[in-house]
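For reference, the chains in residue letters:
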Amino acid sequence: MANKLEVANLNAWFGSHQALHDVSLSIPDSAVTAVIGPSGCGKSTFIRCLNRMHEVVPGARVTGSVRLDAEDIYASGVDPVQVRAKIGMVFQRPNPFPTMSIFDNVTAGLRLNGGRRSRRELAAIVEHSLRQAALWDEVKDSLDASGISISGGQQQRLCIARALAVEPEVILMDEPCSALDPIATTKIETLIHELRERYTIVIVTHSMQQAARVSNFTAFLYLGSLIEFGPTEKLFTTP
Amino acid sequence: MRYRRRRLINLAAQALAVVCTVAVLIPLLLIFGYLLTKGVTSLNLDFFTQLPKPVGETGGGMANAIVGTMVLIGLASALGIPVGVLTGVYLAEFGYGRFGWAVRFCADVLNGVPSIVIGIFAYTLIVLPTKTFSAYAGGFALAVIMLPIIARTTEEMLRLVPTSLREASLALGIPSWRTTVSVVLRTARGGIVTGIMLAVARVAGETAPLLFTAFGNQFWHQGLSGPISSLPVQIFTYAISPFDDWHRQAWAGALVLLSLILLTSLSVRFFTRGRFGAVR
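Residue numbers (this note's numbering), protein chains in the order written: chain Z, 300 to 538; chain G, 53 to 332.
Okay, chain Z solo, but in the shape it has when bound (with noise of 0.2 Å):
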């Protein structure tokens, strides 16, 4: 199987802590790989690396290379706003954009990118990517309502929606049910499930039978350091 990102000598820091040290790993093309660990392993440090939002955070600093298909996302001259778009996101909390609707939340990504486009065809977007992220059929009647006015588990997945309508190649999702009831929880898995024929997905996760249920591999990270990698089965029966 091919690889969609290869990570080689990562390290990472927040001011003189470092955070990772020296991860190389290769993540499948897709297939759903999940990072496991303990809490303030750098789990969720890692996966920020992937997309460079690890430099947003004032102080922050890595080293080392990930290659997105052969091309590394941190050499010069490559612009981190052209990354974030093919390599999106989903964060540990909802957190959907307060003031605007629905609908303009999943558009978001391509309305504030400058692309211009007409409004039947954000329409045909947005109808899409809510699908894709079995969210359409509760919120169909009500895409003028405010992104907050639905439940926490409709909220992640109009996140799920929102970073699918860029139309990543990649998307990492940083403990995506850690805040959300088992229910809801249930339906992301299943999304997982359905998303990863056509997305490499990286989910990172401190709930072992998460990272079990939804991934085809799984890397364990212990201190800042990879510790295993392989096929989930494998990890999890002959560690």
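No lab work stands behind these hints, which were simulated from the structure alone. Check before you lean on any hint, since a few could be wrong.
Computed spacing ranges between beta-carbons, pair by pair [as the list claims (entries may be wrong)]: (1) G:V233 with Z:S417: 21 to 29 Å; (2) Z:H505 with G:P79: 51 to 59 Å; (3) G:V320 with Z:H505: 45 to 53 Å; (4) G:S216 with Z:E466: 18 to 26 Å; (5) Z:E488 with G:L138: 40 to 48 Å; (6) G:V320 with Z:E426: 35 to 43 Å; (7) Z:S323 with G:L138: 38 to 46 Å; (8) G:L212 with Z:G414: 28 to 36 Å; (9) G:L80 with Z:Q391: 43 to 51 Å; (10) Z:I482 with G:M122: 53 to 61 Å; (11) G:P134 with Z:D436: 23 to 31 Å; (12) Z:E488 with G:V233: 31 to 39 Å; (13) G:G149 with Z:S364: 26 to 34 Å.
None of the values given here were measured: they were computed from a predicted structure. Glycine residues also receive a C-beta, built at the ideal position from the N, C-alpha and C atoms.
Use these hints to put chain G onto chain Z, whose structure you have.
Same frame as chain Z, but now just chain G:
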């Protein structure tokens, strides 16, 4: 037993909060009520349409001062709002280092500078070189007073916008300037508008900095580079005059000024309210 005590304390605290709220509202109501009783009798159509009459003649109005105040506030806003908001954006988004600290400190000091000193500043900077009192000088002085208020409230409001929204936007591949404009500023809009209205209300009533910048006159103003009358200054001149008629007009002027501020405040709130509300 313990539970009863807790409830009593809770009740007492609530009562105290209510009493304090009422205590805050009373002065406002008293001022407005007093102005109404004193001023409303001198209000008539003439007051809004006529120029001041010479001493001894009854009647006349403050039309020129009402227009003048609006012109001055407009000038001050045109300069103060964009510069103030952008300064606030700078402080909130990039002002981490020493320079940001210095700007913040200067803004706070500027906020504390007595307005008459700002008037002198505008006088030296604009009135002296141009050799004439002018609306520009008055507007400039007022803008300087607005600046720190707007900059600091904008900064505070932008800081209230959760980091997660910024990150959500950046992670969609939206450039950071666009994130600031379309996501962060938009979310904080309500609070920023409140800050701007506070600043406008504050300068609308300023008298001291206008005394030797806009100066005031008894006629319609002749262009922005000449002296211009304003309600506060007109009220001031009328109030310290020895004529009963002028005193009555001063009360009416004060009432009009207060209503003007109230009205702008309300209408701005109405027109800028978001579809879904935001950080207030």
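| message | Of the numbered hints stated earlier in the document, which are not met by this structure? | response | Of the numbered hints, just 11 does not hold.
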